[in-house]
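Student: Heads up: the sequence shown runs through residues 1 to 467, numbered per my numbering.
These are computed hints drawn from the structure, not numbers from a lab. Virtual Cβ for every residue (Gly too), placed ideally from N, Cα, C. One or more hints might be untrue.
[Stated by the list, open to error] Quick list of the computed label-pair ranges, beta carbon to beta carbon:
#, residue 1, residue 2, range
1, A221, A141, 31 to 39 Å
2, N132, A49, 47 to 55 Å
3, D93, R37, 32 to 40 Å
4, A141, S327, 34 to 42 Å
5, G312, T363, 28 to 36 Å
6, T460, V439, 22 to 30 Å
7, T460, S375, 52 to 60 Å
8, T363, S294, 52 to 60 Å
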Amino acid sequence: QPNAGADGATTVCDNSVVAINLFSLITGEQAGGTWTRSSGTGGTFNAGAGTYTPAPGATTSTFIYTLTGVAPCTNDTSIATVNINPQPNAGVDGATTVCDNSVVAINLFSLITGEQAGGTWTQTSGTGGTFNAGAGTYTPAPGATTSTFTYTLVGTAPCVNDTSVATININAQPNAGTDGSTTTCETSVVAINLFSLITGEQAGGTWTQTSGTGGTFNAGAGTYTPAPGATTSTFTYTLVGTAPCTNDTSIATVNITAAPTAGTNGTTVLCSTSAPIDLFTQLGGSPDTGGTWSPALASGTGVFNPTVDTPGVYTYTINIPGCAVTSATVTVTVNPQPNAGTDGNTTVCDSSVAPINLFSLITGEQAGGIWIQTSGTGGTFNAGAGTYTPAPGATTSTFTYTLVGTAPCINDTSVATININAQPNAGTDGNTTVCDSSVAPIDLFSLITGEQAGGTWTQTSGTGGTF
1 QPNAGADGAT TVCDNSVVAI NLFSLITGEQ AGGTWTRSSG TGGTFNAGAG TYTPAPGATT
61 STFIYTLTGV APCTNDTSIA TVNINPQPNA GVDGATTVCD NSVVAINLFS LITGEQAGGT
121 WTQTSGTGGT FNAGAGTYTP APGATTSTFT YTLVGTAPCV NDTSVATINI NAQPNAGTDG
181 STTTCETSVV AINLFSLITG EQAGGTWTQT SGTGGTFNAG AGTYTPAPGA TTSTFTYTLV
241 GTAPCTNDTS IATVNITAAP TAGTNGTTVL CSTSAPIDLF TQLGGSPDTG GTWSPALASG
301 TGVFNPTVDT PGVYTYTINI PGCAVTSATV TVTVNPQPNA GTDGNTTVCD SSVAPINLFS
361 LITGEQAGGI WIQTSGTGGT FNAGAGTYTP APGATTSTFT YTLVGTAPCI NDTSVATINI
421 NAQPNAGTDG NTTVCDSSVA PIDLFSLITG EQAGGTWTQT SGTGGTF
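Modelling step: build the complete structure from the supplied sequences, incorporating the hints.
Tutor: And the structure:
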């Protein structure tokens, strides 16, 4: 009876390239038999040699060893089984390059190719960012470094584990800092360090002037020096990004103020009764607006009111940041408006011999004026003393008291009026002698002399006769 031996088996990985001697799997067999494949696919079976070489994708296979019996003996068989485990495939390594300011999650599976599912991810290098091992994603963050991530598929023995590597090259997004500005005067000769205007910038960038004219720009040093006539200027600081990072810029603005002028000194003379005046209009030259006056005026502005403000020197000052303080003065003189007082009058008889003090007729006048007679005749007028003495026949008279004003004040006058009434004249007494037997009427006017007409007669003594 032939003996094909005892069955046997082995386990290999489908990536093995070593030919398996099937005789090594069975035991106790007699020589002279034949091999046939009874199950499984893939790999290379050499029946004559009794060998089998696996190949990727091959499946577990059985091989029958048959010895033919001579009748009445039967054939005898044994089976060699080759268990084949697939070698896991973690795929082919891959890489990408991103900027550290990216906020897009990167699917690590999109970087490797040909991988089988079911593996695990681990981060093997790099720092920063957010790694989600379960989802197989990585999200960069500022400051993150180039990182590698290993995808591992565990092999079933004798197959070994397989790995692939996803590399994320991370370029830092350049930071040109935060914009800044300053204000200076066109007359400044101090070089402005443009780096002092921006904040948080990284070194290594370049400066360009993007607006403005005049002054001196030193791109290499990053400085700008104003000059008269220069205009507000902007300067861009640029850091070049390494792709896919973009360039970053910040802007330093130098606001340039034209040097102010307060004008030239001025003077003005006002009257105490003058209308308020804007002192700005009394400055010489071409003063700029926007300054302040000192000492402060009652108006709170630059308007001088002679009725409430004090004469003197008022200073106009312009103080613009970055520019030298400039000032000019206005000297204000206030002349008093003279007051000749209030008109007045009196009434006298032309027979009066008492001098009249004209000052007693007007009221509230200031001293120092002059008197002139402006109407009337007769009497005696003493301009220096300010008196007037009536005389018989004198007529009503007016006298003007004048105080001369110092420009721009005007003269002031008041009028003293002396109303003069004429003293009546009834004439000179007279008499006559008659007999009581006389019947001729006596004209009494014939007895007095020099009388004025218009009087009345009354009998003051005596009796009888017809009056």
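Student: For every hint, state whether the structure bears it out.
Tutor: Hints and how they fare:
no., hint, result
1, A221 x A141: 31 to 39 Å, "holds (35 Å)"
2, N132 x A49: 47 to 55 Å, "holds (53 Å)"
3, D93 x R37: 32 to 40 Å, "holds (37 Å)"
4, A141 x S327: 34 to 42 Å, "violated (57 Å)"
5, G312 x T363: 28 to 36 Å, "holds (33 Å)"
6, T460 x V439: 22 to 30 Å, "holds (23 Å)"
7, T460 x S375: 52 to 60 Å, "violated (42 Å)"
8, T363 x S294: 52 to 60 Å, "violated (42 Å)"
In this structure, the hints that do not hold are numbers 4, 7 and 8, in rising order.
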